[in-house]
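Line by line, the protein sequences give chains A and B. Residues 312 to 693, numbered by our numbering, are exactly what the first sequence covers, in order. Residues 86 to 901, numbered by our numbering, are exactly what the second sequence covers, in order.
Derived from the structure by calculation, the hints contain no laboratory data. Just so you know, even glycine gets a beta-carbon here, dropped at the ideal spot from N, CA and C. Check the hints yourself; a few may be wrong.
Unchecked claim - With a cut-off of at most 27 Å between alpha-carbon atoms, the simulated BS3-like pairs for lysine-lysine come out as follows:
| hint | chain 1 | residue 1 | chain 2 | residue 2 |
| --- | --- | --- | --- | --- |
| 1 | B | K758 | A | K608 |
| 2 | B | K207 | A | K551 |
| 3 | A | K628 | B | K127 |
| 4 | B | K207 | A | K443 |
| 5 | B | K113 | A | K608 |
| 6 | A | K551 | B | K97 |
| 7 | B | K168 | A | K443 |
| 8 | B | K207 | A | K446 |
| 9 | A | K551 | B | K769 |
| 10 | B | K168 | A | K422 |
| 11 | B | K136 | A | K511 |
Said to hold, decoys possible - Computed from the model, here is a short list of chain B residues facing chain A with C-beta under 10 Å:
| hint | residue |
| --- | --- |
| 12 | V126 |
| 13 | L137 |
| 14 | I208 |
| 15 | D226 |
| 16 | S282 |
| 17 | L337 |
| 18 | K651 |
| 19 | Q652 |
Residues per chain, in single letters:
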Amino acid sequence: MKGKKGAAIPPETVKMKTLECEVLRGSLSPSNTRKFKLSTRHREGNQPLYGISYNFLDSHLFDLFATVGGNRVNVYQCLEEGRIALLQSYVDDDVNESFYTVTWSCNLQGKPLLVAGGVNGVIRVIDVGNEKIHKSIVGHGYSINEIRTQMLEPSLVLSASKDESVRLWNVQTGVCILIFAGAGGHRNEVLSADFHPSDKYRISSCGMDNTVKIWSMEDYWTNVEKSFAWTDLPSKFPTKFVQYPLFMAKVHTNYVDCNRWLGDFILSKSVQNEMVLWEPIIKDQPPGEGSADVLQKYPVPECDMWFIKFSCDFHYKAAAIGNKEGKIFVWDLQSSPPVLITRLCHGTKSTIRQTAMSYDGKTILSCSDDGYICRWDEDTTS
Amino acid sequence: MVSKSASDSSSKAKVSDVIASVKQKILKLEKQIQADRIQYVKEIFQTNRQKLDTHLSFVPADGSNYDISSAEKSNLGNMLFSKIENPLHIYRGIAQGLGDREVFSCQDATYPTSATLPLVEKIPSYTTWIFLDRNQRMAEDQSVVGRRRIYYDQNGSEALVCSDSEEEMTEPDEEKHEFSKEEDHIIWTIAEEHELSDEVLNVLTHYISGTSSEIMQERYNVLKRSHEEKQRPNPSSEEKRLDTSMYLEKSLGANLDSLDNLFCRRCLVFDCRLHGCSQGLVNSTEKQPYASESEDDGKPCSDQCYLQLRIAKDLPDTSLANSSAKIESKEEECSDPISSNDGESGKRKCLTQTSEFQESLTGSSNDSQVYNKKQKVLSGPTEVATDAKTSLAEDDRSSTKLADMDIIEIDKDDFGSSTKHVGSTSSSHDSNKAPVFVGSQAKGVVSSNEWKPLEKDLYLKGIEIFGRNSCLIARNLLPGLKTCSEVSAYMNHDAAAMSHGSTALSNSFFDGDGNVDAKKLEQGLQARSRLFRRRGRTRKLKYSWKSAGHPSFWRRIADGKNQSCKQYIPCGCDSICGKQCPCHQNGTCCEKYCGCSKSCKNRFRGCHCAKSQCRSRQCPCFAAGRECDPDVCRNCWVSCGDGSLGEPPRRGDGHCGNMRLLLRQQQRILLAKSDVAGWGAFLKNPVNKNDYLGEYTGELISHREADKRGKIYDRANSSFLFDLNEQYVLDAYRKGDKLKFANHSSNPNCYAKVMLVAGDHRVGIFANERIEASEELFYDYRYGPDQAPEWARRPEGWKGDDASIPQGRAKKHQSH
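Same shape as in the complex, but just chain A (with noise of 0.2 Å):
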């Protein structure tokens, strides 16, 4: 059965917000310092795409993005003058898949993988070199959200699951190395995760029980580093649980689906029309629920559905939000109070579900409900 992402939440009421969280709150009139072009529409077909993910990986292919939509995972190729060239399209042979997010990864040589996942929670590895399949692991007990590369080593991916646990992969050896849940873990769908992007042991999570969690690594490093080297099933690697996060805070009080670090703050969003910045207090104590500074919110007008994505450029220069009717919001984060660079239109109305942004911001893509990719590009002639 698929599942149909996004359902309007109904707010709670929000507490009275006491001196000590001020807040910096972005407006929402454009700075527009930066204008984009939207330059090719392009409708892949009747079902809703959920993931587009460019290529950081190999400064060679910076211009290959991959989608993600039903029981499709399709390459492409942004050229000039706006137009993009389909490479690949693979199709699962199992119908009901529907993929919901996918990433870019790497063998050990640097040859680029396709790590993608969905309903049916397998991981499915893509070897785009050679156009087959590289592995399939099963492992996750119900679909997978979310799942992101490890910049600092790429062939470790994060899978974020309905069945309640974030998970780490060797998508090489396809073991699963950690498995992020027990005692201390997400108590419903784990909608999103990240790597921190300069400290290889941590990672963050959140999901459908409201809450933001951190989690390290440190312990079990031995761990990962063996995952490497196995040549054994990946089912006899001694994947080990880590029960505690580091730190959980109620940032939100609805459904978080997407977080990314930001240097060691965190930018997330829920349901309630925003992205929030903030710093986690990580107490000495774990697992200890810490405390969250909330700094600055970057507004998103009609976006208080769930599975609605964020992305930034490599380099977390901006981030780009798509909203429920069909618009598109880039954010300023080198800005403090937070500035709106622009607002883009997609055209229809149709739920944008996910983002990306080039290596070097200067190119914008959409996936939506209704099957669209579209390509803004950075406007330098003005």
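Given the structure of chain A, go ahead and fit chain B onto it with the hints provided.
Below, chain B without anything else, positioned relative to chain A:
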């Protein structure tokens, strides 16, 4: 602020003036705080930003580089590169003048496919779970009661917020306002400038939400105190004291606080997840008899042993007191000891010392003179408690030596050496004898001068455990803290202090040799209590071979119905439980963890089965739904070998077959895709009827919690709840073992049975018939008529859809 002499109007005007100024002040402060905050946010944002930028700058900034060498081509893989040169399709941009309709509108069927992803058999659904080998009590933070939960309908687009009426009634948490630093700052500043009158407080409450003026006033007082504390210099030097000395200052109870709180005396582990922390401490009324060595046949435990003193004393002692007690009492009467050494008097005051005679120092034991003086300065009156005695004969040589010693001692004293002492004669002794000073060195043992609270408590504990045996007390409880002779001295002193108190111990003290008598008394008590117990046992034997506990309770068990499913909580009753016993009132038997004695009538007394192996209702344990307990049952025992290792002789024939949960004598269970629906549990090796397969473990949750979780689980169509007893439900949803995956069947090959194992209810799964290897296991969940979900009533062989593992809430009353 408001002068009484002023007229009403002027005072009112003043008040409003004040309020206006306060308001202004608050606004100003708020602005200031906000500006500071904005500044702070900007700063930390930029710091974080810089850190991130520094990190990312290691990565090449821009790699839009199409100049791919041939080596790199092969690295990328031919297929991808050829596709880059020759793509499947190029979609033109809007800029090229194509309208929306013409861009592309393709159906999946017409879409070019470069490769298919072969079908992978997906595994049945499950929520990630943690293996538990024993039940765990739910941690507080796992509760779903009172939490809002949002569901989304998988088919529709509506999200539902589920909160039933019962939940809404629950605690509208009295939220305590937590003052932020900024709020404190405002309160403080305002209060410093204006008196906190009602008006001012009112203004403040207006600005700081969620408070009242009383709370505000209170907060101000708190701030004031902390402010004052800050002003005071920190007595940091005191804090730097050694950890050990800090422990010593605390009482035994305080030191053992964490032990008592964290250590589970039932499971013998710290931080027990089953019984939790801070269990009521139950002290057994029955003391373990301690096979104490008689002090007379005992050898001195060390050179600090009080027996050394005794040896020294006994030899020459004739006219003087035969017992230390007499000396003690005499010495108590005596005035302050004469100090022959002028230099010593001052120093002695701050020391509590025990001096002890060393034979080697005097050269001749016959001539030895010991003055053992114990001076408790801090407790006010100077008391002398000592085993000291003078010798009848004194030789010059010895005293010269002693004098020499004395000098050395004084030197040491000047250097702050803590463990020496110059004794003095006691005036109660032969007056014609010249006072002799004996210095002593506490060899190797650094004894502190006074008895710290912890030492006192340990000493009392030692008396409780070992009786008045200073050797054992010093060795086992006060190693490195007090020497045997010190303990002995303290014991005597203690007894003297208690002499008015009429305890048995102090009485015995005056009977003569306090030590011996006290010990005898103690031993007598122990012997009696042993005797008492033994009698109890014989009586029990006579009582019935079925040997039930409480008669009325026994009947209930014998009926086979109405099996007690009440949670057992150990009672702390003394000796024999009466009507007030919580166990009795609760309707449970007393168990070995209760404080009451073994002869308590409410105790379940186990079985005496000899040959039945306790596998039938003939065995009272079995009939009562209990496992046998080697601590309680007469013939049920645990061996760890064939006897070759010298294990105790067997008490009965054959093995007890009713300790299988306790001993974890379980079968290997395999987890695999069920033939019926979802996951299933399978058996690795064949078993016979009534064989124990394994335990159904999970989180212990309250019924209230279970009701709430049940509603959540029903939505997911997957429930692992299992009624355990009146207090708890087992939930194996996130924590459990493989048996949670055994499916329901109305014609099952297994049955579940709640057993009482060492005071805890546990669920065992047993074979209902002979089961062959690798057969799937089923048992009857025993749905109540109102509990069975629709699908559970369908006939067997029905296949559910992927999300529904037919698990349900099982009922507790397992007939067997």
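Taking each numbered hint in turn, which are not upheld by the structure, reported in ascending numerical order? 1, 6, 16, 17, 18 and 19
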